[in-house]
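Engineer: The primary structure of each chain is shown beneath.
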Amino acid sequence: NAGVTQTPKFQVLKTGQSMTLQCAQDMNHEYMSWYRQDPGMGLRLIHYSVGAGITDQGEVPNGYNVSRSTTEDFPLRLLSAAPSQTSVYFCASSGQGSDTQYFGPGTRLTVL
Amino acid sequence: GDSVTQMEGPVTLSEEAFLTINCTYTATGYPSLFWYVQYPGEGLQLLLKATKADDKGSNKGFEATYRKETTSFHLEKGSVQVSDSAVYFCAQYGGYQKVTFGTGTKLQVIP
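Going down the list, the sequences are from chains A and B.
Okay, so the first sequence: first residue is 282 according to the numbering used here, each after it adds one.
Okay, so the second sequence: first residue is 4 according to the numbering used here, each after it adds one.
Just so you know, not all the hints are guaranteed correct.
Unchecked claim - A short list of chain A residues far from chain B (calculated; beta carbon distances all over 12 Å): (1) Asn346; (2) Asp354; (3) Gln366.
As the list claims (entries may be wrong) - Covered by chain B, per the in silico footprint, the following chain A stretches (three or more residues, Cβ under 8 Å): (4) 326–335; (5) 369–382; (6) 385–392.
What the hints assert, rightly or not - Straight-line C-alpha distance at most 20 Å; calculated DMTMM-like pairs for lysine to aspartate or glutamate: (7) B/Lys71 - A/Asp380; (8) B/Lys52 - A/Glu340; (9) B/Lys59 - A/Glu340.
Calculated from the structure, these hints are not laboratory results.
Backbone N, C-alpha and C define an ideal beta-carbon position, used for all residues, glycine too.
Here chain A stands alone, though its shape is the one from the complex (with noise of 0.2 Å):
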């Protein structure tokens, strides 16, 4: 059981480029998110899915797309990356009808 896993752990790209960030859980869980972790404003929503197929905007979505084909994966997509979005990444899941989120280990981001 491999809980919730991100790809990559560290990635540096160009003003301009785009990317995607992978993240993947083997729990069955409903309920997938991104976070973006910035120094002295704790962890920020970006985007959610409450099931395939559902997904919706979180605090901060300008700049990111995510789509959800399948329970297990949840992309989410950098379409021009800007250098404000240099931050680490977080991918969270949480079962239905759960309050608690399991996180995966990150993406440290770093755009030039």
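Assemble chain B onto chain A, guided by the hints.
Structural biologist: Okay, now just chain B, sitting in the frame of chain A:
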């Protein structure tokens, strides 16, 4: 809107010292309250939680009591160890994936 406020760090303590990290929340209704811990280079993991007023969550020697009258959920530990060095996040869950985190408090325990 909902918010969580926790004391700013970093907090530096000697081994075996008493720890308190303050946390207050604002929310409509009665949210579940959490403390998550983040060890260096890792994701967050649940430390403890409480789901209703006067509940006490506890784990690994840490405790926190849900105080509705003061809207607080302070984290305490009687004797910290070097291995407790981490960042601690207070959070509240308002239902339907709506989790609000505090800004985190870094704890450093020195031998």
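Engineer: Next, verify each hint and record whether it holds.
Structural biologist: Each hint, compared with the structure:
| no. | hint | verdict |
| --- | --- | --- |
| 1 | Asn346 | 18 Å, holds |
| 2 | Asp354 | 17 Å, holds |
| 3 | Gln366 | 19 Å, holds |
| 4 | 326–335 | holds (count 3) |
| 5 | 369–382 | holds (count 6) |
| 6 | 385–392 | holds (count 3) |
| 7 | B/Lys71 - A/Asp380 | 19 Å, holds |
| 8 | B/Lys52 - A/Glu340 | 24 Å, violated |
| 9 | B/Lys59 - A/Glu340 | 30 Å, violated |
Violated hints, in rising order: 8 and 9; the structure is consistent with all others.
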